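Respectively, the protein sequence lines represent chains A and B. For what it's worth, our numbering labels the leading residue of the first sequence as 2, then goes sequentially. For what it's worth, our numbering labels the leading residue of the second sequence as 1342, then goes sequentially.
Check each hint, because a few of them may be wrong.
As the list claims (entries may be wrong) - Sample of chain A residues lacking proximity to chain B, with all beta carbon distances greater than 10 Å (derived): (1) E20; (2) S27; (3) I42; (4) S107; (5) N199; (6) S215; (7) P232; (8) D245; (9) G326.
Unchecked claim - A partial selection of chain A residues facing chain B, derived with a Cβ cut-off under 7 Å: (10) D28; (11) V31; (12) M39; (13) G43; (14) M44; (15) G45; (16) F154; (17) D209; (18) G210.
Calculated directly from the structure, the hints in this document are not laboratory data. All figures in this text were calculated on a predicted structure; none of them were measured in a lab. Beta carbons are placed, not taken as given, at the ideal position from N, Cα and C, and that holds for glycine.
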Amino acid sequence: MDVQRLKDNFQHVGQHGEEVALFFYSDLFVRNPHLRDMFPIGMGGQRDKLLGALVRIVSQVDDLPNLVPFLQQLGRDHRKFSVVESHYPEVGASLIATLRYFSGTSWTPELEADWSAAYGLVAKTMVESANEEAPIQPAWWNAQVVAHERRRFDLAVFRVVCDQPLSYLPGQSVAVETRLRPRAWRYLSMANAPRPDNSIDFHVKLVDGGPVSSALVRDLQVGDWLRLGSPIGQLVLDQRSPRDILLVAGGTGLAPVKAILEQLGQRANPPRVHLFFGAPEVDALYDLEDLGKRATTMPWLTLVPVSEAADAGADGSWRPGQPPGVRQGLLPDVVAGYGNWHGHDAYVCGSAAMVEATVHRLWRLGVPQDRIRYETFLTGQLGNPLGNQGEVR
Amino acid sequence: MNLPVPAGAARLTPNEVLSAAFGRAPLGRRGLDEEQVREFLNRVEMELRQSLSERAALTDEVARLRDRLSGTDGEAVKPQDAHLQAVRILSQAQQTADRYVADAERYTRDLAGEARRQREEILADARSKAVQVLEDAHRQAAMAAATVEPPRGGVDMDTAERELDYIRTSSRVYRTHLRAYLEALLRNVDEWEKSESTRPG
Chain A
2 MDVQRLKDNF QHVGQHGEEV ALFFYSDLFV RNPHLRDMFP IGMGGQRDKL
52 LGALVRIVSQ VDDLPNLVPF LQQLGRDHRK FSVVESHYPE VGASLIATLR
102 YFSGTSWTPE LEADWSAAYG LVAKTMVESA NEEAPIQPAW WNAQVVAHER
152 RRFDLAVFRV VCDQPLSYLP GQSVAVETRL RPRAWRYLSM ANAPRPDNSI
202 DFHVKLVDGG PVSSALVRDL QVGDWLRLGS PIGQLVLDQR SPRDILLVAG
252 GTGLAPVKAI LEQLGQRANP PRVHLFFGAP EVDALYDLED LGKRATTMPW
302 LTLVPVSEAA DAGADGSWRP GQPPGVRQGL LPDVVAGYGN WHGHDAYVCG
352 SAAMVEATVH RLWRLGVPQD RIRYETFLTG QLGNPLGNQG EVR
Chain B
1342 MNLPVPAGAA RLTPNEVLSA AFGRAPLGRR GLDEEQVREF LNRVEMELRQ
1392 SLSERAALTD EVARLRDRLS GTDGEAVKPQ DAHLQAVRIL SQAQQTADRY
1442 VADAERYTRD LAGEARRQRE EILADARSKA VQVLEDAHRQ AAMAAATVEP
1492 PRGGVDMDTA ERELDYIRTS SRVYRTHLRA YLEALLRNVD EWEKSESTRP
1542 G
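With these hints in hand, go ahead and build the complete structure from the sequences.
Written as C-alpha cells, this is what we have:
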C-alpha cells in the first residue's frame, strides 16, 4: 500500500469539499435505498462529520497507535445507529466510486487497489471492536420518561428509567435520541449518581432554532421513550485525591457537576466542597431550590449562586423574584474573587467562553493544570466530549 | 446542481467582506454586536452556497460540452451515465431538503431570539414599574406620617393607632395590587409562549 499516493489522491479529491460527501451519500442511497432510513432528513451536519472522520483517518493512516483507538470507538459508537457488518461493504463500494468520480483521469487500478485495502482495514477494525462490545452491553438502552418539569420557558429537567442497568461514572454523558426527532442524536450529561432503580435525570436548555433541544424542552411527555447510547466523557471525579473540591457550573453545565456532588455525598467523610452555579439571568438558575435544600443537609457544602443580572441593591430592598444570596457578576470573576483555591481540585462545566475564562483564572491563581478538569458544550446545550467523532456514521 | 436562489438578491463582493465593520456589543456584554455578525455570516453563507452551486453547474456544463466535442453525445444512455444521473438528481433533492431544513431552523432561531428580547423588555419594564409603585407608596406613607398631628398634651393614642392601621392597610393593598399586576404580566408571557408552541408549522 502506497500511503503517500493515498494522501495525495485524497488531497486532490478533497478540493471539491462538501460536494464529495454529497456525492458519496447520493451514490450510497441510489445503490442501497434501504439505507436512507438510517439517516436524518437534513444531511448537512452528516456530511461535515463524514468529511471530518475521513480527513482524520487519511492523515493518520501511517500513525496506527492513534488511529486504531479512534476507529474502535467509531465502531462501538455505530452500534446505536443499528449499523451491522453487512453495511460495511456497501459503504466501501460507494466510497471507492466517489473517489474514482472526483479523481477523473488520475484514477488508476493501483490506486483503487490501495483504497480497497485501506478501507478493508478500517472496516475490519470498526467491526471487530463493535463485535467485542456486543456480548458485554446492548447497542442502546431504551429509557422511558417518568417525569418532565419545565423550569423556565427554555429550561427543562426530566427523569427517565432505563430498561436495563446502565453503569456510568458521575460526570459522564450519553447520546440521546427522541422519536420526536428520529435519528438526530445529541449528548446529554447524567445529572445524578447511578441509582439502584436505573433512573436518570437530564437537564436541557432550549437552543434557539435547535430542533432536538426544543423538542426535549417543549414536547417531551411522560411515557415517551428515548434511546441512549453508551456513556462517555472524562469529567469524572479523581477518587484518590484527598484535596477539597471546587465545582463551577454555568447553566445546564450543572448536570454533570450535580452528579459528582451526589457521588461526594456518598462518601463517609466528604471533603469541603464549594459549588458555584451561574447563569446570565437570575431566573435561569433553574435548580437553585433543590440545591438549596441539599446544602442544608450537607454541612460540608458551600453553595454560591451567581448571576450577571442579580440586583446588588441595598439590603432589604424588594427584588422581584430574586432568591436570597445570589452574587452579582460573571462566574469566572466571582470564583476568582472568592478566595484561594490553591489546595483544591476544580471541576468546571459550561459554555466554551465561561469554561475557558474560569480555567484560565484558576491557573493564574496557582491551581495546577492537572487539578482542573473541565468540559464544554458546543451551543450551550448538548456537550459532545469526543468532538464530532461520536456522531459520525 | 443549481439551487433556487432568491432572484435579484444583492451578491456579496470581496470588498464588502474586506471592509465589513461591526458595532460594539450592547452595554454589559463583551466583543462585537452578535446580531450584526450573525447577519453578516448569513450573507457570507448564502454567497458561498450560490457560488458553489454555480461552480457545480459549470462543471456539469463543461462535461456536457466535452461529451459533445468527443462525439459521445446523442448515443443511447450508458448504464454508468444513468447511475450518475440518478446520483445527481438525488443530490439536488437532498440539497433542496437541506436548504429547507436550514431555512426553517434559521427562521425559528430568529423568531425565538426576537421573542426572548421582547420578554426581557417586558420583564425589565415591569420591574421598573414595580419599583416605582413601591417608591410612591413609601413616599405617601411618609407624607401621611408627617401630616399626622403630633400629640398635644394628653396623648391621643387612638388617633395615632388608627393612622398606623390605615397606613398598614394601604401598604398591604399596594402590595396586593403590585403582585396582581406582576402575575398578570407573567400570565401574558406564558400565554404568548403557549400560542407560539401551538402555532402550526
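Distal placement of P232/A relative to chain B, Cβ over 10 Å: holds, 29 Å
Outside-interface status for D245/A - nearest CB in chain B farther than 10 Å: holds, 31 Å
G210/A as chain B interface residue, shortest Cβ-Cβ below 7 Å: holds, 3 Å
Closest CB of chain B to the CB of S215/A still more than 10 Å away: Nearest chain B Cβ is 7 Å from S215/A, so the label is violated.
V31/A as an interface hint toward chain B, with CB separation required under 7 Å: holds, 5 Å
Closest C-beta approach of F154/A to chain B relative to 7 Å, hint status: Holds, because the Cβ-Cβ distance from F154/A to chain B comes to roughly 5 Å (cut-off 7 Å).
Chain B contact restraint for G45/A - C-beta distance below 7 Å: holds, 5 Å
Non-interface label on G326/A, tested against every C-beta of chain B at 10 Å: G326/A clear of chain B: closest Cβ-Cβ about 19 Å, beyond 10 Å.
Interface hint outcome for G43/A [beta carbon to chain B under 7 Å]: Status holds, d = 4 Å.
Given as non-interface: E20/A, partner chain B, CB spacing beyond 10 Å: violated, 7 Å
Chain B versus I42/A - minimum CB to CB distance exceeding 10 Å, so not interface: violated, 6 Å
Status of the stated non-contact between S27/A and chain B (beta carbon gap over 10 Å): Answer for S27/A: violated, closest chain B Cβ roughly 4 Å.
Of the hints listed earlier, those the structure fails to meet are numbers 1, 2, 3, 6, 12, in rising order.
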